[in-house]
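Protein chains: 2
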Amino acid sequence: MQEFEQALHLSATAVVQKLDQLLPVPQDAESRLHEAMRYAVLGGGKRLRPFLVLNSAALFAVNTDCALRVAAAIECIHCYSLVHDDLPCMDDDDMRRGRPSTHKQFDEATAVLAGDALLTLAFDILSRPETHEDPHVRCELVAMFAEAAGARGMVGGQMIDLLAENQNLPVGAIARMQQMKTGALISLACDAGAALGRASPPHRQALHAYAFDLGLAFQIADDLLDSQGDASQIGKTPGKDQAAGKSTFVASMGPDRARTQAQFLSDQAVKHLDLFDKKADLLRQAASYIVNRQA
Amino acid sequence: MQEFEQALHLSATAVVQKLDQLLPVPQDAESRLHEAMRYAVLGGGKRLRPFLVLNSAALFAVNTDCALRVAAAIECIHCYSLVHDDLPCMDDDDMRRGRPSTHKQFDEATAVLAGDALLTLAFDILSRPETHEDPHVRCELVAMFAEAAGARGMVGGQMIDLLAENQNLPVGAIARMQQMKTGALISLACDAGAALGRASPPHRQALHAYAFDLGLAFQIADDLLDSQGDASQIGKTPGKDQAAGKSTFVASMGPDRARTQAQFLSDQAVKHLDLFDKKADLLRQAASYIVNRQA
Numbered sequence: 001m002q003e004f005e006q007a008l009h010l011s012a013t014a015v016v017q018k019l020d021q022l023l024p025v026p027q028d029a030e031s032r033l034h035e036a037m038r039y040a041v042l043g044g045g046k047r048l049r050p051f052l053v054l055n056s057a058a059l060f061a062v063n064t065d066c067a068l069r070v071a072a073a074i075e076c077i078h079c080y081s082l083v084h085d086d087l088p089c090m091d092d093d094d095m096r097r098g099r100p101s102t103h104k105q106f107d108e109a110t111a112v113l114a115g116d117a118l119l120t121l122a123f124d125i126l127s128r129p130e131t132h133e134d135p136h137v138r139c140e141l142v143a144m145f146a147e148a149a150g151a152r153g154m155v156g157g158q159m160i161d162l163l164a165e166n167q168n169l170p171v172g173a174i175a176r177m178q179q180m181k182t183g184a185l186i187s188l189a190c191d192a193g194a195a196l197g198r199a200s201p202p203h204r205q206a207l208h209a210y211a212f213d214l215g216l217a218f219q220i221a222d223d224l225l226d227s228q229g230d231a232s233q234i235g236k237t238p239g240k241d242q243a244a245g246k247s248t249f250v251a252s253m254g255p256d257r258a259r260t261q262a263q264f265l266s267d268q269a270v271k272h273l274d275l276f277d278k279k280a281d282l283l284r285q286a287a288s289y290i291v292n293r294q295a
Numbered sequence: 001m002q003e004f005e006q007a008l009h010l011s012a013t014a015v016v017q018k019l020d021q022l023l024p025v026p027q028d029a030e031s032r033l034h035e036a037m038r039y040a041v042l043g044g045g046k047r048l049r050p051f052l053v054l055n056s057a058a059l060f061a062v063n064t065d066c067a068l069r070v071a072a073a074i075e076c077i078h079c080y081s082l083v084h085d086d087l088p089c090m091d092d093d094d095m096r097r098g099r100p101s102t103h104k105q106f107d108e109a110t111a112v113l114a115g116d117a118l119l120t121l122a123f124d125i126l127s128r129p130e131t132h133e134d135p136h137v138r139c140e141l142v143a144m145f146a147e148a149a150g151a152r153g154m155v156g157g158q159m160i161d162l163l164a165e166n167q168n169l170p171v172g173a174i175a176r177m178q179q180m181k182t183g184a185l186i187s188l189a190c191d192a193g194a195a196l197g198r199a200s201p202p203h204r205q206a207l208h209a210y211a212f213d214l215g216l217a218f219q220i221a222d223d224l225l226d227s228q229g230d231a232s233q234i235g236k237t238p239g240k241d242q243a244a245g246k247s248t249f250v251a252s253m254g255p256d257r258a259r260t261q262a263q264f265l266s267d268q269a270v271k272h273l274d275l276f277d278k279k280a281d282l283l284r285q286a287a288s289y290i291v292n293r294q295a
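Quick note, the sequences are listed as chains A and B, same order.
Numbering of the first sequence is given in the numbering used here, commencing with residue 1 and proceeding in unit increments.
Numbering of the second sequence is given in the numbering used here, commencing with residue 1 and proceeding in unit increments.
So that you can see chain A by itself, here it is in the shape it has in the complex (with noise of 0.2 angstroms):
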């Protein structure tokens, strides 16, 4: 676990790296919406959806700055949609990550333009050519990245989230949801890698399986910690959730077997990657990693 956490903290130094460059630096009249935009992606995170991109290319031995890019593009989304989902018309989140959210460290208005802004910035990066020489594939992760955030994806996600507020979803429903608010952009990332690599429809698919499994752990992981976690660890308001009467895994099928569940899930996500050799260890362990995380 030593070594994944390692690994994992190498690679969001690289992904902080990247982002550094390609946010705008501050100027102009316009730069409180660049330094918002910075302070909504620089502000840390484990950087785990960029991992996941950076360890699916490498097993198709990808140019690693290509990687970076889409690695960054991807991050700009996450980062946007916890700007939005912060909102206070969204889940009024007044901590991110330990500090102030954005529309407390700046205001409502530039929160959103912010979050506008890196969401434009993800479709900028992948369509330029320094992401990959073949228009066909950067074209491919352009429509890939709209399918997974937008309406049928992330974004239609957090809108049933939004309704299902004092509701009790059945189960099913909780998974189609959480599929699409969180699972989507974590498909996304493992299909991103294996897109820049031009990987066989086989290894697509192997990578697909592990991610819709490993999106799963990981949200039912993240019940799990918001309904027992510590405001210092998670870096957020812990029992949110619970409070806002949201439906979540841990609601609907109660602590004990929620994490069989995630670990179940886990152990599944793993199997997909049979077909791969030691390359995808780091990938393996990342399945262990997000269920026994503390935070």
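Hints are computed from structural coordinates only; laboratory data are not their basis.
The reader is advised that the hints may include incorrect statements.
Claimed, not checked - Derived, one-sided and incomplete: chain B residues facing chain A with beta-carbon distance under 10 angstroms: (1) L10; (2) R32; (3) P135.
From a predicted model like this one, the values you see are computed outputs, not experimental measurements.
By construction, the Cβ of each residue, glycine as well, lies at the ideal position given by its N, Cα and C atoms.
Please arrange chain B on chain A, whose structure you already have, making use of the hints.
Relative to the frame of chain A, chain B by itself:
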């Protein structure tokens, strides 16, 4: 002028039909999101930016369906920006195109998400092979859209606009802000038509120069309408810019000079089209329509 208005109307009808096809059909637990997206996009409007895409593309004999897809994508971007701009934390506008704005018809959270999903949908549309057979062109379109809509374009302009409330900006700073906030998308419309048609550099430059002047003329005309227009005609609350202490061309130079300047820019825009034959006549007419419109 009547011939022009008929052409504008015909183009709007075709674009609305294409948008209707491309927008998600309301279904599943997230249908409220799809409904809000459709409400925000299908509720009327002159569809000026799509008109400019279609008529720029027509100069280079671009396939109509391809041009319609790009026209639909630019309208998704424009409409998302209106939805977010109308939010209480931004311009706080209850009316848009004579109807309740999206957050009044639905709620703020749904409006934030619908805007996010529309922005994402625009890139989805651009990335697909149906938009252009050549992936180089599609990547170029994605890059152009991201640049025009992002932190250095439209969103940057919105940030400056918000910061400029109750400040007296010099006219040069107002021109830069408006060029980013409104002009960038109007230029994009013409640039995208030229990109679809793989136009030669002189043709691209001419169209870009036309759109640049047109964009400023459009904004000055918009300021004049806001300061002197009638709510039932312009479909939104008039006098709002003034009440909010916004820096506008009209506030800075007075209505008479503003009107003269808009006419000058419109004439100059038309001159940039000299290297095109009568196929550019509708674009020429658009320039005078824009400064003479009453709504």
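Hint by hint, here is what the structure shows:
Evaluation of the B/L10 hint against chain A yields a violated restraint, the C-beta minimum of about 29 angstroms exceeding 10 angstroms. Among the interface hints, the one on B/R32 holds; its C-beta lies about 6 angstroms from the nearest C-beta in chain A, closer than the 10 angstroms criterion. Residue-level restraint check for B/P135 holds (minimum Cβ-Cβ distance to chain A is 4 angstroms; threshold 10 angstroms).
The earlier numbered hint that this structure contradicts is number 1, and it is the only one.
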